[in-house]
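Asks: So the sequence lines, in the order shown, correspond to chains A and B. Residue numbers for the first sequence follow numbering that gives the first Met the number 0, beginning at 0 and rising by one. Residue numbers for the second sequence follow numbering that gives the first Met the number 0, beginning at 0 and rising by one.
To be clear, the hints were calculated from the coordinates, so they are not data collected in a lab. Any given hint could turn out to be false.
[Claimed, not checked] Calculated pairs, DSS-like style, for lysine-lysine (alpha carbon to alpha carbon, straight line, at most 27 angstroms): (1) A/Lys75 with B/Lys196; (2) A/Lys86 with A/Lys75; (3) B/Lys195 with A/Lys75; (4) A/Lys75 with A/Lys91; (5) A/Lys86 with B/Lys60; (6) B/Lys62 with A/Lys96; (7) B/Lys62 with A/Lys86; (8) B/Lys50 with B/Lys196; (9) B/Lys50 with A/Lys96; (10) B/Lys60 with B/Lys50; (11) B/Lys50 with B/Lys62; (12) A/Lys86 with A/Lys96; (13) B/Lys195 with B/Lys50.
[What the hints assert, rightly or not] Beyond 10 angstroms from chain A on every Cβ pair, some chain B residues (computed): (14) Leu95; (15) Leu142; (16) Gly218; (17) Gly228; (18) Ala304; (19) Thr341; (20) Lys407.
The model shown is predicted, which means the values in this text are computed figures rather than measured ones. Note that beta-carbon positions come from the ideal geometry of N, C-alpha and C, so glycine has one too.
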Amino acid sequence: MAWVEACGIDEIDREDVIRWDHEGRSFALYRSPDDEYFATDGLCTHERVHLANGLVMGDVIECPKHSGRFNYRTGKALAAPVCVNLKTYSTKAQDGKVFVDVG
Amino acid sequence: MERDQPGMMIVGAGECGARAALTLREQAYGGPVTLIGAERHHPYERPPLSKALEPGCDGLKLKTIASRESLARIGVTLLAPAEVVAIARAERRVRLADGASIAYDKLLLATGATPRPLPIAAGLDHCVTLRTFDDALTIRSRLSAGRRLAIIGGGFIGLELAAIASALGVEVTVLEVQARILQRGVPAEIAAILHKKHADHGVRILCGQAVASMTETAGGVAIRLADSGLVESDLVVVGIGARPNVELAEAAGLAIDNGIAVDERLRTSDPHIFAAGDCCSFPLALYGGRRVRLEAWRNALQQGALAALNMLGRDEAHSAVPWFWSDQYDLGLQVAGLVDETVEMVRRDTDDGGVLLFHLAADGRLIAASGIGPGASIGRDFKLAEMLIARRARPPREALQSPEVKLKQLLMSESTH
């Protein structure tokens with residue numbers, strides 16, 4: 000366990016995503032329509048594009064470049080061209096902050 | 000060689016054909032699937048051929064869609080390289096150049112397109128086109144610092160290649176016969192941003208320049224321009240568009256109309272034969288059923304999958320919004336929808352330094368969006384614009400123009416109308 004404070008809970012809009020860089024790694028942090036927080040690797044598994052520029056719809060993030068889709072809760076690759084799942088990380092919201100277990 | 004259990008046959012193993020084969024298996028189709036490709040490689044993605052290498056890559060590598068092994072594992076027979084020479088529709092068989100004859104139940108033509116040749120360049124050794132992985136290998140092997148590259152045609156292939164080559168220290172000249180680059184399909188405002196970017200990187204772009212003659216020199220080509228200017232180069236790449244590969248379909252008597260003519264379910268004039276991707280023209284419901292042919296990666300992918308569903312009898316109509324992108328230097332360009340019925344454009348400048356243009360028709364309907372910005376920064380807005388286009392939305396001009404108004408809000412207010 001390596002919990003790291005990533006951002007304030009209101010820095011991510013509801014049903015949206017932001018980029019968070021930590022120690023040379025890039026993550027995508029999501030706030031679901033139900034105000035739950037999730038974290039995945041920041042780069043698409045297809046062509047290493049930053050997912051934080053993509054659109055969140057419900058539980059799904061769509062890559063801004065080639066329209067690959069993932070479920071950001073599970074990391075599951077949902078639509079071509081992506082076929083490799085996205086790594087996910089545990090999060091917790093505490094004291095108005097979002098923490099990510101960067102492993 | 001005779002194979003007599005008819006199944007699904009796909010001619011063309013590019014993005015479109017490969018996606019069709021994969022989709023057939025994802026849909027649990029249990030019969031034979033044969034995928035026939037003209038190239039020696041397994042199915043691969045074409046867009047990277049004209050784009051910069053991914054960070055850390057020391058050379059061009061095949062970006063695999065499906066390897067021979069993975070296709071074999073799911074029971075897809077890949078014949079590549081192989082050439083189909085005829086379709087015998089009455090017998091529902093295709094004949095290959097090696098004499099083999101294969102029966103089909105349903106046939107998908109995903110034959111793609113071929114670069115348009117420049118007649119004046121016929122027979123020149125140092126003049127090539129870019130379509131396949133092998134083409135790209137040839138070109139990249141000849142791009143090194145100090146070399147001179149002339150590109151005929153200021154379209155996407157040519158400009159993407161110009162960006163790669165200039166980064167390698169190649170001296171690049173782009174010759175465009177029209178008054179500006181990207182005349183077809185990209186607004187002047189956005190083309191101008193790209194033009195400047197190229198100029199900043201030392202690429203020389205000459206517009207309004209017709210080629211009068213081309214002659215072989217020692218190890219290169221001399222291009223004489225109509226205005227008598229001279230461009231000397233070590234390599235010429237011609238990028239003046241592509242024509243659909245319709246020869247097989249035409250010889251088989253299928254209807255042709257700027258490509259293999261299909262209906263919105265991608266059926267040709269023969270109910271057992273479908274066509275998809277760059278080779279076909281299809282009616283686009285969103286634009287009044289106008290017949291279009293798209294040469295775009297996502298269209299190939301989506302139509303391949305859709306054709307597979309309809310080969311299985313699903314009866315699903317095409318409904319996607321046309322979309323393409325280009326990467327040049329640190330800029331990403333996207334265009335969604337069809338731009339040619341635009342009567343007005345509304346501009347939005349994004350916080351990241353990007354520019355979005357919303358294209359409105361005479362009745363105020365949003366029919367297209369085009370834009371450019373650093374990296375993939377305009378991606379999210381583009382997805383939303385695409386959804387607005389699909390809904391035939393008429394967003395207020397002020398809202399489109401103001402970066403304060405999120406497109407997601409517009410989409411939500413649209414759905415409550």
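Asks: Next step is simple, just say for each hint if it's right about the structure.
Replies: Hint by hint, here is what the structure shows:
1. A/Lys75 with B/Lys196: Violated, at about 38 angstroms.
2. A/Lys86 with A/Lys75: Given that 27 angstroms is the threshold and the Cα spacing comes to 9 angstroms, the pair holds.
3. B/Lys195 with A/Lys75: Between B/Lys195 and A/Lys75 the Cα gap is close to 41 angstroms, so the pair fails against 27 angstroms, i.e. violated.
4. A/Lys75 with A/Lys91: 21 angstroms, holds
5. A/Lys86 with B/Lys60: 25 angstroms, holds
6. B/Lys62 with A/Lys96: 40 angstroms, violated
7. B/Lys62 with A/Lys86: Holds, because 21 angstroms separates the two Cα atoms, which is no more than 27 angstroms.
8. B/Lys50 with B/Lys196: 16 angstroms, holds
9. B/Lys50 with A/Lys96: 40 angstroms, violated
10. B/Lys60 with B/Lys50: The hint holds at about 12 angstroms.
11. B/Lys50 with B/Lys62: 12 angstroms, holds
12. A/Lys86 with A/Lys96: 22 angstroms, holds
13. B/Lys195 with B/Lys50: 19 angstroms, holds
14. Leu95: Consistent with the label, B/Leu95 stays out of reach of chain A, its closest Cβ about 28 angstroms off (over 10 angstroms).
15. Leu142: It holds; B/Leu142 is separated from chain A by about 22 angstroms at its closest Cβ, greater than 10 angstroms.
16. Gly218: At roughly 36 angstroms from the nearest Cβ of chain A, B/Gly218 sits farther out than 10 angstroms, so the non-interface label holds.
17. Gly228: 38 angstroms, holds
18. Ala304: B/Ala304 not clear of chain A: closest Cβ-Cβ about 7 angstroms, inside 10 angstroms.
19. Thr341: The claim holds: B/Thr341 sits with its nearest Cβ about 24 angstroms from chain A, beyond 10 angstroms.
20. Lys407: 8 angstroms, violated
The earlier numbered hints that this structure contradicts are 1, 3, 6, 9, 18 and 20.
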